[in-house]
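With the working numbering, the residue at position 173 of the sequence shown is 160, and numbering never jumps.
One thing to keep in mind: the hints can contain errors.
[Said to hold, decoys possible] Beta-carbon label-pair distances, calculated as ranges: (1) P181 to E302: 33 to 39 Å; (2) T202 to G160: 24 to 30 Å; (3) E302 to E182: 46 to 52 Å; (4) P(-6) to P61: 31 to 37 Å; (5) E25 to N149: 35 to 41 Å; (6) K152 to E246: 20 to 26 Å; (7) E201 to P61: 31 to 37 Å; (8) P(-6) to L177: 35 to 41 Å; (9) P181 to E25: 30 to 36 Å; (10) L140 to E249: 34 to 40 Å; (11) F69 to T168: 26 to 32 Å.
[What the hints assert, rightly or not] Under the rule of at most 27 Å between Cα atoms (straight-line distance), these lysine-lysine pairs were calculated in the DSS-like manner: (12) K36 to K203; (13) K305 to K240; (14) K240 to K77; (15) K43 to K219; (16) K77 to K12; (17) K77 to K190; (18) K164 to K120; (19) K111 to K65.
If you are wondering where the hints come from, they were derived from the structure by calculation, not from laboratory data.
Virtual Cβ for every residue (Gly too), placed ideally from N, Cα, C.
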Amino acid sequence: MAMNFDPFYFTDTMDVCLADHCSLKCKNCSHFSPFFTEPSFYSFDSFKKDVAALIKVYRAKKLRFLGGQPLLHPEAEKFFEFAKASGGFKRLDMITNGLALNRFDFSKYKDLNRVQLSVYSSVKFDYIKALTKFEEMVMQHKAVYWDIRHAFLIHHRSLNANELKAYNEFKEGLIAKIKGTVFRLDGQPLCEPPEDYFRISVKYEDKFRNITPETKLTKAEATESYAKCSLKRTCNQIHNGYFYKCPRPQNMKAYPNVEGQEFEKTDGIPLHEPNLKGRMRDYMESKVPLDSCYWCTEGLEPVVYEEHSQYKGREHLKKSSTPTQSVNIPKPLDRNANTLSDLR
């Protein structure tokens, strides 16, 4: 029998949540940021210890810094520098809503390879102005290559005429203002970037998926959702001494409907105990849903999309509140049948 002597467990993506809280209060935020009413940061000391333990047995193609709003973290640049020096990740990305781009100092954040901006239709903000100013600053240091798309390319749903019109207006307005090169548009490659470049990705979102049920799922529902879930393969996470398959266990701690649960302890594996690689392999290959899977419909049909909007006041902080009201939407289109020419 062939033996595997590879010392590392490999995945595509590792996520690091720098700040649980956010500058926005988006309904259906999959990271539950609107429920964090006080600043909540991942400490740099904990991160250093966690990465040091992790990279002894683990490698990922990319490390994504996100939140909440990662740029709210007062020591964000220390995370980037340490992650780069660790050698455990080929690429360092940051995902932000763009409202705090004025905090971005390239001299401090030079270790990043990519910044992804989430452009939300419900937010009254001049994204194009902020993005062009950001590009101008980055271009003083590196060539900028752009990747612009609508979120439907990820979640595979149809766009109605008004959504398509709004997206095209934003896209065309942005392209008219930027000076860098668009190397990928609506999922289609246009050219090959050079070896050393800075990537700005823009994801336009006018709907969010509602994947948080008001009440706990049955065992059968949780098992089905877990079996079909994509998050456990694409959104691994480390936080405060634990490794997680997905961000939900750690982020859900502020959600009032699960008050008293400790998913951040029951649904992850400790990083600082013996045989991490073996425990990680068993954990990742397990067919048993996590406790937090009983509060997640990621793998269930039908997928419910709701207009992107913001919570107002504190009503959502009450226990048994429903994140949003479900609405009927068209059946998602087969991605192969949805021609990208309609977006151009």
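### Task
Output the numbers, in ascending order, of every earlier hint that fails for this structure.
Numbers 1, 2, 6, 9, 12, 14, 16, 19 - these are the hints that the structure violates, sorted from lowest upward.
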